[in-house]
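Construct all of the structure, not just a fragment, from the sequences and the given hints.
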Amino acid sequence: MVICAAISLLIVPAAGTTAAAQAPALYDSARAELASGDTLTALELLRRLTRERGGYAPGWGLLGMILADRAGGIETEFTERREADRALRRAWELDHTNPTYLMALGQLMRKQQMYYDARRVLNRAKKYMEERPEEEIEPAELAFLWFELALYAEDIYLDTRNLVAVPNLPVMTPECSNMGAFCTNFTRPRDFNEHFMNAPNLSEEGEDDHGKMVEALDRVLDADPVHSGAFRRRTIHQIERGELAEARQLAERFRHDVPDNPWGYMILGLVYYRMGLDSLAEQQFDQGIALAGPDIASHYRDMSYVLRESLAEKYGEAGAETRRWVEDVIWRKSDPLYLSPANEVRVAHLARVCFADIWFEDPGEGRWGADSERGSIYVRYGPPERIWQIQRDAALTTTPTASISPQGGGRWIFWNYGWDLPNFIFEKQMRFRRANHMVASVSKSFEEEARMAQPAIYAASFDLYDFPAQVARFRGAADSIIEVEMYTEAPAEKLIERPDTIDLGLFLFAGADYTEVFRRAMRAPVEPKPVPLTYSLPLAAGTYTYSLEARASDSAAAVKRDSIVARPFRDGELALSDLVLATAVTPRTPEPLDRRGFAIQANRRLVFDRDLPVAVYWEVYGLTTDPEGYANYEVELSVSDTQGKGVVARVAGALGFGEGDEIELSYERVVRFNGQRVPEYISIELLESEPGDYLVEIEVRDLIADRTISARRAFQLIVAE
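Residue numbers (the working numbering): 28 to 748.
Just so you know, not all the hints are guaranteed correct.
What the hints assert, rightly or not - The calculated lysine to any residue pairs, modelled on SDA-like cross-linking and capped at a C-alpha distance of 25 Å, are:
| hint | residue 1 | residue 2 |
| --- | --- | --- |
| 1 | K471 | L338 |
| 2 | K471 | Y485 |
| 3 | K587 | L560 |
| 4 | K521 | P557 |
If you're looking for bench data, these hints aren't it; they were derived computationally from the structure. These numbers come from a predicted model, not from an experiment.
Written as structure tokens, this is what we have:
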């Protein structure tokens, strides 16, 4: 900002001059306070100086420059802007040899939206600079002047970015006028958006101003290579236009020249993200946040952008420790691929905040761009698929005062996230950076509804496929242990086209704080075909989230993420394991005691050929026995389609029945119960069933205790090719 640069400008009298020899002590004290960061004390000293030494130009100049730099465009800062204007005009009146005062005055006028006056004053300052000998011009002066000229050109350019001509766009429509302006945008979005299809593009009108802005920013960086404002604005436009190699080169140079400035790292992180280099991007973002002051670091850790409003309020009211806990949990949960070194969603979030902060910032307002109305939407939903900007004709709305719009009527801006979706509608005055939801429309309400339904949306930066798996819970060696079997199949055929190595992993998290309790990752050479994998995990009771993952080197991955509720199978409580569907289940011994006594060819995709049998394996726990230790129970099997309609099925085989035995869909068994479990399996044939989704259900009734328990599993029938 200009405050720091001001100290090195010609508000300091040249050494050896009479003015330098007579520099008041108050002036030196004010500069010292300013250098230490105490701006308020510096202002008080300078105000006192101008009262006591009203003819001392540097005092007026520094006072005006600080106030001009602090001033924004909002109404509440009118008094400060007026004081800045008076101080700078007085400084120029006393010393016509210092164009710095004119530069600051031009800066102030731009903030006041006095654009024609600002251009006139800045051009006048430029003329004075050009008339001076080159050796007398300080680099900071040049940087100050060209930066203000760059901002002026940028204001004009932004008014033409995405500008289109849509002469017949319906503003007020009788059928839905109660919803305000552009109501068909919300009632019939597809019809409304068709007006923009093939609309003439007028954005080329601003290319000359874009060129002027680029030239001015380059002049700033030539004079002052570490000018943070010019660096951010130059690179953000390069990034927005896809000039990533150029932005990367400039960011690397800035980071090298100013290694303790966080913006070199933040911009480089944004560039790497746009290049698809998430791991490098995360490293740069983390370094930038670590270097930043507490305000910047807190801003980039802030999760309120991506929370529903009620949760965001609670998050904002929480203490620092609770907020850090929430942030850590949210990022662990949101990581789309634990196999990769970076959290791609967190990187995308930081990249959005960084882009919004710079693209939507007004250098004169001192407010984060991500906190603007467009910026907050950008952070939550990313860049729109389409942006249209049209000339505003406020007289077409029903609000009489809306037609009183200075600066040429302003702009209406439409953000579109899909042809069939309503647009967010903003309006702004010409040359203003700030754009707000259109007051005469329901755009703000639409945003609030969208935030309630979907507070944030992120997409992975790589192709993501399903990871087939069948997960089943069994009783462990003790009733407090739950053994979880995961019969999975990594879809290598979707990840690679020829033999290659892929990364495979299983990750398990427990509890509300999403603590990682298990991780198994490996790299394996595979063919481009399904890779069967089986995991067995002994777990204590609790709620867990698992993530099955496979990743190829070319940014393709497969993930299955779901929760498991592990409930103990207590002695004396009738319970069933989960059903395991298989292509075949064969006993390994005459009297198998548990699933390990069977050869279970689990169907990992839960997809069956309709002409082949479906085998079902399960275990029964907690049966009641008679005095001789025998349990007596009844098994009933049913198969239905998705509408609940029963399907004709025939039992082809079951445990305890010989070949050729007639087995009904309901049968009774008497077994000696060892207190642990009774294994069961059955093989069924679905007769004349159509391809589709089905549900198999097993119901077990303990005939001694008269208790019933059931379990079910969904599967799919197909016609094999």
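Quickly compare the C-alpha distance for K521 and P557 to 25 Å and report which way the hint goes. OK: K521 and P557 at ~9 Å, within 25 Å.
Assess, step by step, whether the Cα of K471 is no farther than 25 Å from the Cα of L338, and give holds or violated. Status holds; Cα separation ~19 Å.
Compare the distance between the alpha carbons of K471 and Y485 with 25 Å, and conclude whether the hinted pair is satisfied. Holds: K471 and Y485 sit about 22 Å apart, inside 25 Å.
Given the hint that K587 pairs with L560, test it: the Cα-Cα distance must not exceed 25 Å. holds (13 Å)
In the structure shown, no violation is registered for any of the earlier numbered hints.
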